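Enquirer: From first to last, the protein sequence lines are chains R and E. In this text, residue positions in the first sequence follow the working numbering: the first is 1, and each later residue adds one. In this text, residue positions in the second sequence follow the working numbering: the first is 553, and each later residue adds one.
Derived from the structure by calculation, the hints contain no laboratory data. Just so you know, not all the hints are guaranteed correct.
Said to hold, decoys possible - Keeping only pairs whose Cα atoms sit at most 27 Å apart, straight-line, the calculated DSS-like set for lysine-lysine is:
1) R/K292 / R/K354
2) E/K768 / R/K354
3) E/K894 / E/K847
4) E/K792 / R/K354
5) R/K356 / E/K894
6) E/K792 / R/K356
7) E/K792 / R/K292
8) E/K894 / R/K326
If you're wondering where the values come from, they're calculated on a predicted model, not measured in any experiment.
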Amino acid sequence: MSEHTTLRMEGILKEFPGVVANDHIDLSVERGEIHGLLGENGAGKSTLMKVLYGLYSQDDGDIYLDGERLDLESPQDAIDAGIGMVHQHFMLIPRLTVAENVVLGEREPATAFRSDAEGSWLPATVRNNSLVQSLAGQFSLGLDVPEQRIQDLADQYGFDIDVSAKIWELDVGQQQRVEILKALYRDVDLLILDEPTAVLTPTEAERLFDSLERLTDEGLSIIFITHKLTEVDAIVDRVTVLREGQNVGTAAVSSVSRADLAEMMVGREVLFDIDREAVDLGDPVLRARGVKATDNRDIEALSGIDLTVRQGEIVGIAGVSGNGQKELAEVMAGIRDVTAGELLVNGEDITGAKPKTFVDSGVSFVPEDRLQYGCAEDLSVMHNATMKDFRDGRFGDRPFLDYGELREYAETLVEEFDVRGVSDVTETNAGDLSGGNLQKLILAREIYRDPDLLIANQPTRGVDVGAIEFIRETLLEQRKAGTGIILLSEDLDEIFDLSDRILVVYEGEFVYETTPAEADRERIGLEMTGGDGDDETVASPPQSGVTQEGES
Amino acid sequence: MNVAVNVDAREDIPVWLAYGTPVFTVLAALAVSAIALVVLDVNPVAAYATMFVDTLFTEFGLRETLTKAVPLILTGLAVYLPLKAGLFNIGAEGQLVAGALAGTWVGLNVSLPGLALVPLMFVAAAVAGGIWAGIPAYLRARWDVNEIITSLLLTFVALAIQSYLLRGPMQGGTGNFPQSERFSEAATIPELFGGVHAGLLVAVCMVVVTYVLMTKTRLGFEITFVGSNDEAAQQAGMSKFYVYLLVFVVGGAFAAMGGISEIAGAQGRYRAGFEPGYGFTAIPIALLGRNSAFKVMLAGLFFAVLFVGGSSMEVAFGVPAALVEIIQALVILFLITAEFFKSYRVGIDVKRGPAETPAQPQRGDD
């Protein structure tokens, strides 16, 4: 322990029924450093940070900040001590302005109750009464805001935010900076960022990293939770790796290799290269001709797509996000109407049919947004594991449903696909699972029904290394079993590793087709951004975020 | 002396609190109502003794309670079922009236033996109630029109139709009252036991039907899923349109059965204003019992006790009828408050000593 140490967590123990989430973890963070907290989903990173932020109280162990022992009962205590946290899901109120959101957490009482307020209609004796003060502090809210002060603060750290703008007008990257601003406004010395890049595009992530470096220059310490090794390399000074609730080690990033870190995280060697056996292609499972569709704002998102997928074939669709991938996946899964064209699954025309027809025809779908289309977070793992198959005859005769069978089926899925964090399939809700485990559950549900066509949209986004490996292998196994797979991914490496055929989508059209063997990455990068590969005059390099994305 | 109030979210709810809340809630509501009683110069203990002991331990009280419980349970189910699919049926009152009118018409105009006529009246009521509830459901399912508003407003349409019919085509009996002709023997719901009509049997059956529907069938699985995440449900091939329509139509049929039970079982004829807003009381009943159809039944019985006990108190002590409504309203208010105490821990710190400067953080100010 050096004199620069600002935070020390010693022997933190946190148990949940049936699970030891943190098993006597030690962690120390030095002033002015960016400290990475690396681990698979469910390794205990979030729990440890929730203990530090006062959301959970530890069962054992102590927390010291600048040598002083902290007793944190609520986030308010943590903030008072100088610890701030930016959650993965933003805690912002869209209708309020940036400045109002920033002061929201301060819980200033309404003006009338403030002891120093001028012209309040309440007499001073009432306002100064301590009971009135404390009730007003809990149950009233002042939204008159020192906008200038907040704008100055934003400028100081180089955040280009207009503090009088409403939150809903901002993009995700800006919203995240508002979250950081909220913490800075409360004078924190230590900032916890929970997987901050999960919601950002590569360019936005770059900007975030710049901002973070500025913060550490000002003397702040940052704990950066992540499971992406590339990010550790890019930004972190020292890294602590957690596995199954235990601290596996802390190291300076410059002294360890990526492979070492991956092994520490997963507990075994991680294969970044996947063997892809040759599989004979069968009959076409999907034939789409001239498909057009609009997005949620009624603007054309797909302008005439032709796509054939055969049994045992993985068709990778590459593209910069927002070029029609979401709509393409939804059209193929039957949950978005086509405005023109036709869809044939196993030779049968099911254009315009109900989602149920698609499900019954053997189409499986792993949606991009797990919480929107993929699951019902307030329902149990059992409900979610059987949400497509409950109609099947083995779960009892119509109209009845055998919940015992459902439960058994769900337990099989959880077991075979190694979904962790489930204590009882009927008690644990889907929303309680970590991202990677939820994704495994969804994949399990979609694959266990032996689909003819599987549409996987961003199947590995936001999941940890171990789960990525598992998911990719599962997709390849499914290919071997004769399923036709459409893989949409922003991760070019993933597309290259898994696909038999690569299509590049740009502004709702396929602009380029190739195979991984003969593909030229630069060309694909160009096509993704709308550059014409044949045109020699367009020599600008592909956007950095497009080609350098990826894990390996 | 310094007093500070802290409010923290609870991590988990202690068992005693989860089970104790309904009891504390009722006790607290009664305690506050006692103030009103004292002001009216009524001994609250005696009043409450009349309200509960006389209701629960006399034959008259029990009979009245069980009779009143029939429409309360059925309308409670009418709100409960759509609630499971994530919809608010605020118009159970209108569905009850529509069903009661249709059932009454059949009862007065069809001549059949009782064994066939009474079931036919129930069917007619259920169809009318189902249609009445189907309108807001269709509008919601097809065009996303807010069902809270449409179902509520349709209640007033139903009440206006009732008014017209009872002053016009369906008016009967002596005098010029807004009421129908008396039912014949055949059109009256037979007695089940001790003066309680067979509508109770219908109510209990419907509770069982709802319970089985929600916990043992595919349809119940779909309703639960649509209620939790309708987008995921549709992706999985479930039909939101069908589920929305079904829960409302079945709910409307339940409310309608409650209406015709009350008319043909307890009243003997259709009187305008025959019922004190069962369809609206159904909303707190369904919210109280939102976890299971059997809890809806319990909540329905509890509100029946409040209704019956309230009127005995009214008679025995001469307190205004409004007071009973106050007690009912307080129970509901305290229940909502209890939800807050269930989710938050409230601590009060009292520190003796010199008053500090108010502990408001000053950092945020210029």
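Enquirer: None of the hints should be skipped; say for each whether it holds.
Expert: Checked hints:
1. Between R/K292 and R/K354, the direct Cα distance comes to roughly 17 Å. Compliance with the 27 Å bound is thereby established for this hinted pair.
2. At roughly 26 Å between alpha-carbon atoms, E/K768 and R/K354 fall within 27 Å of each other, so this suggested pair holds.
3. A C-alpha spacing of about 19 Å is found between E/K894 and E/K847, which places the hinted pair at or below 27 Å, so the restraint holds.
4. For the hint pairing E/K792 with R/K354, the CA-to-CA distance comes to about 11 Å; that is within 27 Å, so the pair holds.
5. Note on R/K356 and E/K894: the hinted pairing is violated, with a Cα-Cα distance of about 41 Å set against a maximum of 27 Å.
6. For the hint linking E/K792 to R/K356, the alpha-carbon distance of about 12 Å falls within 27 Å, and the restraint holds.
7. In summary, the hint linking E/K792 to R/K292 is supported, as the alpha carbons are separated by about 25 Å, within the 27 Å threshold.
8. Distance check on the hinted pair: E/K894 and R/K326 sit about 41 Å apart at the alpha-carbon level, beyond 27 Å; violated.
Hint violations for this structure: numbers 5, 8, all remaining hints satisfied.
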